[in-house]
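Listed in order, the protein sequences are those of chains A and B.
Position one of the first sequence corresponds to residue 1 (this note's numbering), numbered consecutively onward.
Position one of the second sequence corresponds to residue 1 (this note's numbering), numbered consecutively onward.
Keep in mind the hints are simulated off the structure, nothing from the lab.
Where is the CB? At the ideal position from N, CA and C, for every residue including glycine.
Take the hints with a grain of salt, since some may be wrong.
Unchecked claim - FRET-style restraints, in silico, Cβ to Cβ:
id: 1; chain 1: A; residue 1: Ala-392; chain 2: B; residue 2: Asp-111; range: 55 to 61 Å
id: 2; chain 1: B; residue 1: Glu-303; chain 2: A; residue 2: Leu-82; range: 47 to 53 Å
id: 3; chain 1: A; residue 1: Asp-41; chain 2: B; residue 2: Arg-152; range: 45 to 51 Å
id: 4; chain 1: B; residue 1: Pro-69; chain 2: A; residue 2: Asp-41; range: 18 to 24 Å
id: 5; chain 1: A; residue 1: Asp-80; chain 2: B; residue 2: Glu-88; range: 41 to 47 Å
What the hints assert, rightly or not - List of simulated lysine-lysine pairs, DSSO-like, C-alpha gap at most 30 Å:
id: 6; chain 1: B; residue 1: Lys-314; chain 2: B; residue 2: Lys-375
id: 7; chain 1: B; residue 1: Lys-154; chain 2: B; residue 2: Lys-314
id: 8; chain 1: B; residue 1: Lys-304; chain 2: A; residue 2: Lys-2
id: 9; chain 1: A; residue 1: Lys-154; chain 2: B; residue 2: Lys-2
id: 10; chain 1: A; residue 1: Lys-375; chain 2: A; residue 2: Lys-31
id: 11; chain 1: A; residue 1: Lys-192; chain 2: A; residue 2: Lys-304
id: 12; chain 1: A; residue 1: Lys-46; chain 2: B; residue 2: Lys-46
id: 13; chain 1: A; residue 1: Lys-31; chain 2: A; residue 2: Lys-2
id: 14; chain 1: B; residue 1: Lys-46; chain 2: B; residue 2: Lys-375
id: 15; chain 1: B; residue 1: Lys-2; chain 2: A; residue 2: Lys-192
id: 16; chain 1: A; residue 1: Lys-2; chain 2: B; residue 2: Lys-375
id: 17; chain 1: A; residue 1: Lys-31; chain 2: A; residue 2: Lys-46
id: 18; chain 1: B; residue 1: Lys-314; chain 2: B; residue 2: Lys-46
id: 19; chain 1: A; residue 1: Lys-317; chain 2: A; residue 2: Lys-295
id: 20; chain 1: B; residue 1: Lys-17; chain 2: B; residue 2: Lys-363
Number of protein chains: 2
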Amino acid sequence: MKFSSKIERCELSPMRKFHPYALAAEAKGHKIYHLNIGQPDIETPKAFFDAVHAFHQPVLAYAPSPGVPDFVEAVRGYYDRLGIRLNEENILATTGGSEALEIVMACILDDGDEILVPEPFYPNYNTFIRVTGGSIRAIPTRPEDGYHYADRAKIEEMINEHTKAILVTNPGNPTGTVMTHEEMRLVADIAKERDLFLVSDEVYREFVYGGEPLATMAEFEDVAENVIIIDSVSKRFSSCGARVGMIISRNREMMAQALKMCQGRLCSATLDQIGAAALYSVNPEYFAAVREEYKARRDTIVEKLSAIPGVICKCPKGAFYLMASLPIDDADSFQQWLLEEFEDHGDTVMFAPGEGFYGTPGKGKNEVRLAYVLKQTDLERAMELLALGLQAYNAR
Amino acid sequence: MKFSSKIERCELSPMRKFHPYALAAEAKGHKIYHLNIGQPDIETPKAFFDAVHAFHQPVLAYAPSPGVPDFVEAVRGYYDRLGIRLNEENILATTGGSEALEIVMACILDDGDEILVPEPFYPNYNTFIRVTGGSIRAIPTRPEDGYHYADRAKIEEMINEHTKAILVTNPGNPTGTVMTHEEMRLVADIAKERDLFLVSDEVYREFVYGGEPLATMAEFEDVAENVIIIDSVSKRFSSCGARVGMIISRNREMMAQALKMCQGRLCSATLDQIGAAALYSVNPEYFAAVREEYKARRDTIVEKLSAIPGVICKCPKGAFYLMASLPIDDADSFQQWLLEEFEDHGDTVMFAPGEGFYGTPGKGKNEVRLAYVLKQTDLERAMELLALGLQAYNAR
Chain A
1 MKFSSKIERC
11 ELSPMRKFHP
21 YALAAEAKGH
31 KIYHLNIGQP
41 DIETPKAFFD
51 AVHAFHQPVL
61 AYAPSPGVPD
71 FVEAVRGYYD
81 RLGIRLNEEN
91 ILATTGGSEA
101 LEIVMACILD
111 DGDEILVPEP
121 FYPNYNTFIR
131 VTGGSIRAIP
141 TRPEDGYHYA
151 DRAKIEEMIN
161 EHTKAILVTN
171 PGNPTGTVMT
181 HEEMRLVADI
191 AKERDLFLVS
201 DEVYREFVYG
211 GEPLATMAEF
221 EDVAENVIII
231 DSVSKRFSSC
241 GARVGMIISR
251 NREMMAQALK
261 MCQGRLCSAT
271 LDQIGAAALY
281 SVNPEYFAAV
291 REEYKARRDT
301 IVEKLSAIPG
311 VICKCPKGAF
321 YLMASLPIDD
331 ADSFQQWLLE
341 EFEDHGDTVM
351 FAPGEGFYGT
361 PGKGKNEVRL
371 AYVLKQTDLE
381 RAMELLALGL
391 QAYNAR
Chain B
1 MKFSSKIERC
11 ELSPMRKFHP
21 YALAAEAKGH
31 KIYHLNIGQP
41 DIETPKAFFD
51 AVHAFHQPVL
61 AYAPSPGVPD
71 FVEAVRGYYD
81 RLGIRLNEEN
91 ILATTGGSEA
101 LEIVMACILD
111 DGDEILVPEP
121 FYPNYNTFIR
131 VTGGSIRAIP
141 TRPEDGYHYA
151 DRAKIEEMIN
161 EHTKAILVTN
171 PGNPTGTVMT
181 HEEMRLVADI
191 AKERDLFLVS
201 DEVYREFVYG
211 GEPLATMAEF
221 EDVAENVIII
231 DSVSKRFSSC
241 GARVGMIISR
251 NREMMAQALK
261 MCQGRLCSAT
271 LDQIGAAALY
281 SVNPEYFAAV
291 REEYKARRDT
301 IVEKLSAIPG
311 VICKCPKGAF
321 YLMASLPIDD
331 ADSFQQWLLE
341 EFEDHGDTVM
351 FAPGEGFYGT
361 PGKGKNEVRL
371 AYVLKQTDLE
381 RAMELLALGL
391 QAYNAR
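Chain A extracted, bound-state conformation (with noise of 0.2 Å):
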């Protein structure tokens, strides 16, 4: 019995790959604090339990395959306030961001189609797009030009006659990179005038803290036919249990095909949505408490990660996660030993290592991508222990 050439060439989760060695360490009694996964510590809105707890129908049913009406009209009200007008035939609920990407990528990838992503990138993403026998073809960025990508010659001579597509994180994980109107305005161009389509994974909207207005690709009405979006309430509403997310389209066709693959799992989670359709009710001000709090916090992280010797980093502009290049070979290496062979005071550190978010071979390997969901104390005895860790691996 052979498994398929596609799941072959997939790899777990670089930033869930260590769990094991995590459970392990804290078998030990060891305390770890957690830089590797994008799981914020802010406390989930109480609309969401409250929603859930309302629930009061005797039998827990399916719901609708493209979606909970309240959801999906609440998902609408949110665009309406962006300025973007759309109809709920544009929106499809789904399973978190992950599952938007799924069926995405199933839609528009076939054997040997190539979809370009600027690197580091998120690395599941090449679970979703290896999966469909597709790959995807790296757009290069350099650290010191704060990986920059949205350049036109850059991104054209990476495509060719198997391209299908352009996929962007905005603002960018595992960078922190958020794009200007105009880059973002260059990239939809060059997609309307490749007949390519154009994925924006904006998850992390919010998440901006250089006072930038909201955006998303949904803006440029000339290329609707192109744009898709992923979107999540997960980091947006820090829910990322909940597992709801949404594909936005105004291309009808797409939504056609999409559907195809929502009606086959029959639906997202009801009750779920349910929370997650009272989410969107919050006020605007729980939105600039967050934006202050990460804002913080990554000036808090910049600041003791740029002061350990050795450390390379720029400030990131969005998100909450920025890559840093290490005094050392291999962060893999480094991770491990960090879960299996360090403490200080019983406490270590974790952080998801930078290969995994390239997509070209033996880069990144002395990269990692720091998550600061942390609070302030905790992010600092973090970046205390990774100075402590540093120095003690390099003098082994």
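Place chain B on chain A using the hints.
What follows is chain B alone, placed relative to chain A:
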């Protein structure tokens, strides 16, 4: 921009494609008796909601990718009571049986691969299989033989160099067929001899009406490497909207491959898994009562249906479905007519047209699948509506 050849080969669900017409009928004030979807009206056990309400963590965080430990342990305990010893590594929590199927198919099927499935079969299998580039090779059956397929010659003649797996649904959807122990053994033997995966969809395990012991392909220790069980809480505990299912296999490599996809999509919904874990604490009387209720419904629907002139059906032994052939040419047209043109005192009825359940072109056009998921009086009214509808349709 072209969509993938794989999604083009997929179709809308025959159980859900009439949803827009149903909405239109409801907008006219019509009441619809839904026999089209396996959505039971049995109350979801209170244990689910109690567990959900007892969740008081401030952050609704991601669950572990393989599943919430309490849920995995609950499943282990359930199988233990069936005499099947599992480790936690043998269980992966999924977003319904649907995602379990999706992941398993992605792990075992490549472009051009075939999987044997007795027809008629659950139509969404087509979606999960076609998006991999694989296809179903249907093992033909005849209603006159009670849809019997567990025949060595019949199965072996369908196996060729493209065959990767056999997929059985036991108890069967849409036929309600329950395999005997000898039939299960036969299929397991063939899978082992021919080195094929044996995917056994057992989500209706508890729904058997002839006093049969609860059965699973996991019983056969000697084919443990071949067997992959698809399971779910949806039907077992009337909690379809929770979207909690699982992949069960003792094939370590299979579970390692599947874990790549589980990590890729991060996790299945946290609260629903917590609720699902609690469901496994319901006492055996729950199942006895539910089984009695469905058995009575089955007897009612078979009696009423058999009495309609021109209808052919056999008494199913399990699940909560039956296939019947109607005295019409095309069940699709008849369904549309029932929604658009027919009503009796404002009532009409829905079923799932049979064609979508067949892999062989042209088969099943005059057949329908009926889900006996409504209480007795509603079922009786639904059969009355079907009889009136047939009479009026054929008298046009």
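Hint-by-hint comparison with the structure:
1. Here the CB-CB span from A:Ala-392 to B:Asp-111 is close to 50 Å, at odds with the stated 55 to 61 Å.
2. For B:Glu-303 and A:Leu-82, the hinted distance range of 47 to 53 Å is not satisfied, since their beta carbons lie about 57 Å from each other.
3. For the pair A:Asp-41 and B:Arg-152, the supplied restraint of 45 to 51 Å is violated, since their beta-carbon distance comes to about 59 Å.
4. Distance hint check: the CB atoms of B:Pro-69 and A:Asp-41 are about 21 Å apart, consistent with the given range 18 to 24 Å.
5. Taking 41 to 47 Å as the suggested C-beta distance range, the pair A:Asp-80 and B:Glu-88 conforms, at roughly 46 Å.
6. Between the alpha carbons of B:Lys-314 and B:Lys-375 the distance comes to roughly 20 Å, so the proposed pair stays at or under 30 Å and holds.
7. Between B:Lys-154 and B:Lys-314 the CA atoms are separated by roughly 22 Å; this keeps the pair inside 30 Å, and the hint holds.
8. Among the hinted pairs, B:Lys-304 with A:Lys-2 is inconsistent with the structure: their alpha-carbon atoms are about 48 Å apart, more than 30 Å.
9. Between the alpha carbons of A:Lys-154 and B:Lys-2 the distance comes to roughly 24 Å, so the proposed pair stays at or under 30 Å and holds.
10. Between A:Lys-375 and A:Lys-31 the alpha-carbon distance is near 15 Å, which keeps this suggested pair within the 30 Å criterion.
11. The hinted pair formed by A:Lys-192 and A:Lys-304 fails the criterion: a straight-line CA distance of about 43 Å is larger than 30 Å.
12. Straight-line distance between C-alpha atoms of A:Lys-46 and B:Lys-46 comes to about 22 Å, which keeps the hinted pair within the 30 Å bound.
13. Restraint check: the Cα-Cα separation between A:Lys-31 and A:Lys-2 comes to about 41 Å, which exceeds 30 Å; the hinted pair is violated.
14. Annotation: proposed proximity of B:Lys-46 to B:Lys-375 holds, straight-line Cα distance about 20 Å (limit 30 Å).
15. Simply put, B:Lys-2 and A:Lys-192 have alpha-carbon atoms about 14 Å apart, close enough for the 30 Å limit, and the pair holds.
16. Using a Cα cut-off of 30 Å, the hinted pair A:Lys-2 and B:Lys-375 is violated, with the two alpha carbons roughly 46 Å apart.
17. Taking the CA atoms of A:Lys-31 and A:Lys-46, the gap is about 28 Å. The hint holds against a cut of 30 Å.
18. Using a Cα cut-off of 30 Å, the hinted pair B:Lys-314 and B:Lys-46 is violated, with the two alpha carbons roughly 35 Å apart.
19. Distance restraint check for A:Lys-317 and A:Lys-295: the Cα-Cα separation of roughly 9 Å lies within the 30 Å cut-off, and the hinted pair is therefore satisfied.
20. With a C-alpha separation of about 19 Å, the suggested pair B:Lys-17 and B:Lys-363 falls inside the 30 Å cut-off, and the hint holds.
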